[in-house]
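J.: Letter by letter, the chains look like this.
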Amino acid sequence: MKRRHGIPTAHADIPNLAPMVDVVMVILIFFMLGTRFAISEGVLPTQLPSQIGPGGGAKVTIVPAVRISLREPRRGDGCEIFVMDRALSENSFGALTGFLVDKLRAGADPQGQVLIGADPEIRYQYVISAMDSCVRAGFVNLQFSVGPAASIDLE
Amino acid sequence: MKRPPATTRLGLNLAPMVDVMMCLLIFFMLATKMVERENSHIDLPVAKAAKDAEKQALGNRFVVNIRDATLEGGEGATYLIREEAVSLRNVLDRLKIESGLDPGVNCIIRAERDLPYKYIQAVMIGCAGANIRKITFSTVPVEGRAE
Chain A
1 MKRRHGIPTA HADIPNLAPM VDVVMVILIF FMLGTRFAIS EGVLPTQLPS
51 QIGPGGGAKV TIVPAVRISL REPRRGDGCE IFVMDRALSE NSFGALTGFL
101 VDKLRAGADP QGQVLIGADP EIRYQYVISA MDSCVRAGFV NLQFSVGPAA
151 SIDLE
Chain B
1001 MKRPPATTRL GLNLAPMVDV MMCLLIFFML ATKMVERENS HIDLPVAKAA
1051 KDAEKQALGN RFVVNIRDAT LEGGEGATYL IREEAVSLRN VLDRLKIESG
1101 LDPGVNCIIR AERDLPYKYI QAVMIGCAGA NIRKITFSTV PVEGRAE
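If you read the sequences in order, they're chains A and B. Just so you know, we're using the working numbering here: the first sequence kicks off at 1 and counts up by one. Just so you know, we're using the working numbering here: the second sequence kicks off at 1001 and counts up by one.
Looking at chain A on its own, in the form it has when it is part of the complex (with noise of 0.2 Å):
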């Protein structure tokens, strides 16, 4: 039997895929160059006593429930850790957390402020670090005391 002429051929109705093809290729290059699989931030926040005032060089005085000071070690890396300026048994941010978790059973106010001080050529991650077990331990009032600016350049 003869075709007749008009009618079109059954393939004809598949679309063609190959341009989307293309589209998608291209979008899918696009993200997988463009995508960084990032660990999520965190922050640790704090809120400074109203207490200062422009210049930065007021004196405040706080009377601490706990007083934290990271000093430089007289030999070697990392720091020393000291409460209310007793050097701890554990010179570790695992038993300065546990200190403070003990002194909360004690009865202390998780309110009540916690003064850290640092020496300026401590690593930042150290600060962090006691800032971080004072978190985990309970307390949430943190203050930081400074002394006077180390010399850094200002331009």
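Any given hint might turn out to be false.
As the list claims (entries may be wrong) - DSSO-like cross-link-like pairs, simulated, lysine-lysine; straight-line CA separation at most 30 Å:
| id | chain 1 | residue 1 | chain 2 | residue 2 |
| --- | --- | --- | --- | --- |
| 1 | A | Lys-103 | B | Lys-1134 |
| 2 | A | Lys-103 | B | Lys-1048 |
| 3 | B | Lys-1096 | B | Lys-1134 |
| 4 | B | Lys-1051 | A | Lys-103 |
| 5 | B | Lys-1051 | B | Lys-1096 |
| 6 | B | Lys-1048 | B | Lys-1134 |
Stated by the list, open to error - Okay, the calculated beta carbon distance ranges per label pair:
| id | chain 1 | residue 1 | chain 2 | residue 2 | range |
| --- | --- | --- | --- | --- | --- |
| 7 | B | Pro-1141 | A | Gly-98 | 16 to 22 Å |
| 8 | A | Glu-72 | B | Glu-1075 | 16 to 22 Å |
| 9 | B | Ala-1085 | A | Glu-72 | 24 to 30 Å |
| 10 | A | Asp-109 | B | Leu-1024 | 53 to 59 Å |
| 11 | A | Val-21 | B | Leu-1071 | 39 to 45 Å |
| 12 | A | Arg-86 | B | Gly-1104 | 34 to 40 Å |
Stated by the list, open to error - A few chain B residues facing chain A, derived, Cβ under 8 Å:
| id | residue |
| --- | --- |
| 13 | Leu-1014 |
| 14 | Val-1018 |
| 15 | Met-1021 |
| 16 | Thr-1032 |
| 17 | Val-1046 |
| 18 | Ala-1047 |
| 19 | Arg-1113 |
| 20 | Lys-1134 |
Treat the hints as calculated values from the structure; they're not laboratory data. We put the CB at the ideal spot given by N, CA and C, even for glycine.
Put chain B on the given structure of chain A with help from the hints.
T.: What follows is chain B alone, placed relative to chain A:
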């Protein structure tokens, strides 16, 4: 005489490939997060107790990035505001301007974990001088690089 077998038309079936590509595309579209311009690539300090930055109401914020200049062959620290390297004096001036515009501004400090504390302390003293009371430290929950 035997008839030759009927010829079959060979065609490429693109449907499974399109399926897979669409799945990959959707995955990468969902996984991609356009990095904000104010955030530099910095090895932030680790703090397990840190709160998720996205869930915190940080309010009006002023971000100061502090990078280790020695990694780029320099000396000391490099202060960056919106990806632009500025001097410490400039940072302190900007803090005063921001505080003047909004006394409740939140200063977010993003600094390299291995930097000496004095470079961060200088910004904190600047915040005190500018009467900025809210200071927030950016951290990561595990060691690694945040974007």
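J.: Can you list which hints this structure breaks, lowest number first?
T.: Every hint satisfied by this model.
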